[in-house]
Amino acid sequence: GENVEQHPSTLSVQEGDSAVIKCTYSDSASNYFPWYKQELGKRPQLIIDIRSNVGEKKDQRIAVTLNKTAKHFSLHITETQPEDSAVYFCAAPSNDYKLSFGAGTTVTVRA
Amino acid sequence: DSGVTQTPKHLITATGQRVTLRCSPRSGDLSVYWYQQSLDQGLQFLIHYYNGEERAKGNILERFSAQQFPDLHSELNLSSLELGDSALYFCASSVLAGGWNEQFFGPGTRLTVL
Chain A
1 GENVEQHPST LSVQEGDSAV IKCTYSDSAS NYFPWYKQEL GKRPQLIIDI
51 RSNVGEKKDQ RIAVTLNKTA KHFSLHITET QPEDSAVYFC AAPSNDYKLS
101 FGAGTTVTVR A
Chain B
1 DSGVTQTPKH LITATGQRVT LRCSPRSGDL SVYWYQQSLD QGLQFLIHYY
51 NGEERAKGNI LERFSAQQFP DLHSELNLSS LELGDSALYF CASSVLAGGW
101 NEQFFGPGTR LTVL
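If you read the sequences in order, they're chains A and B. Going by the working numbering, the first sequence opens with residue 1, and the numbers climb by one from there. Going by the working numbering, the second sequence opens with residue 1, and the numbers climb by one from there.
By construction, these hints were calculated from the structure, which means they are not laboratory data. Incorrect hints may appear among the rest.
[What the hints assert, rightly or not] List of simulated lysine to aspartate or glutamate pairs, EDC-like, C-alpha gap at most 20 Å:
no., chain 1, residue 1, chain 2, residue 2
1, A, Lys57, B, Glu102
2, B, Lys57, A, Glu2
3, A, Lys42, B, Asp1
4, B, Lys9, A, Glu39
5, A, Lys42, B, Glu102
6, A, Lys58, B, Glu102
7, B, Lys57, A, Asp27
8, A, Lys42, B, Asp40
9, A, Lys71, A, Glu2
[Claimed, not checked] Computed far set for chain B versus chain A, every beta-carbon distance over 10 Å:
no., residue
10, Arg26
11, Asp29
12, Arg63
13, Ser86
We put the CB at the ideal spot given by N, CA and C, even for glycine.
The whole structure should be built from the sequences, with the hints applied where relevant.
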């Protein structure tokens, strides 16, 4: 099955700075890489995803990059705001119909 | 609102008891996934159903079972509950089977075992 490692586990940034979270995966057949944001006590929500036919995707202040050769993908948040404080999960699928999640990164944006 | 509903929202019970968690997927979604999230833990995949059939199993305990009914709603049954089963249980749904489809999460059921 797929093994997804996520770093760092916690990240504290000054408001306005950038935040970067990195994930590595093991299954070279994986072709879909979503990122979920989970605010305290709430459901995980998809914020951006990327498929293996592109190397980068951007949506306003959020971007995801994918390096299939190295089997890693990253989430970039620019101009961070207090509402970006949350836990972020990366994920990657395996052939056996599972979506494996990383352990999560707790992002704190300091005002 | 993702369109996925879960009931109940909270559940408090005692060790040794049995509970049933219910999930209704988004309209049109055939897949239902169950996840367990313990305190400060990530999302642990439990089981996946597609159109009534079990498609994948994660590290689901033998005390746990699930099913998906003809109307596509799903139930997760937890029996002989232990203190360590206290967690947030999420279900998610997607249109098709497979981890490469976007999954929409429900609000979760918070289970507390005393």
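How the hints compare with the structure:
1. A:Lys57 - B:Glu102: Given pair A:Lys57, B:Glu102 holds - Cα atoms ~16 Å apart, limit 20 Å.
2. B:Lys57 - A:Glu2: Given that 20 Å is the threshold and the Cα spacing comes to 13 Å, the pair holds.
3. A:Lys42 - B:Asp1: holds (11 Å)
4. B:Lys9 - A:Glu39: At roughly 17 Å apart (the allowed maximum being 20 Å), A:Glu39 and B:Lys9 satisfy the hint.
5. A:Lys42 - B:Glu102: It holds: about 18 Å lies between the C-alpha atoms, which stays within 20 Å.
6. A:Lys58 - B:Glu102: holds (17 Å)
7. B:Lys57 - A:Asp27: Cα-Cα ~18 Å, so holds.
8. A:Lys42 - B:Asp40: Within the cut-off at roughly 13 Å; holds.
9. A:Lys71 - A:Glu2: holds (12 Å)
10. Arg26: holds (13 Å)
11. Asp29: B:Asp29 clear of chain A: closest Cβ-Cβ about 14 Å, beyond 10 Å.
12. Arg63: holds (21 Å)
13. Ser86: holds (15 Å)
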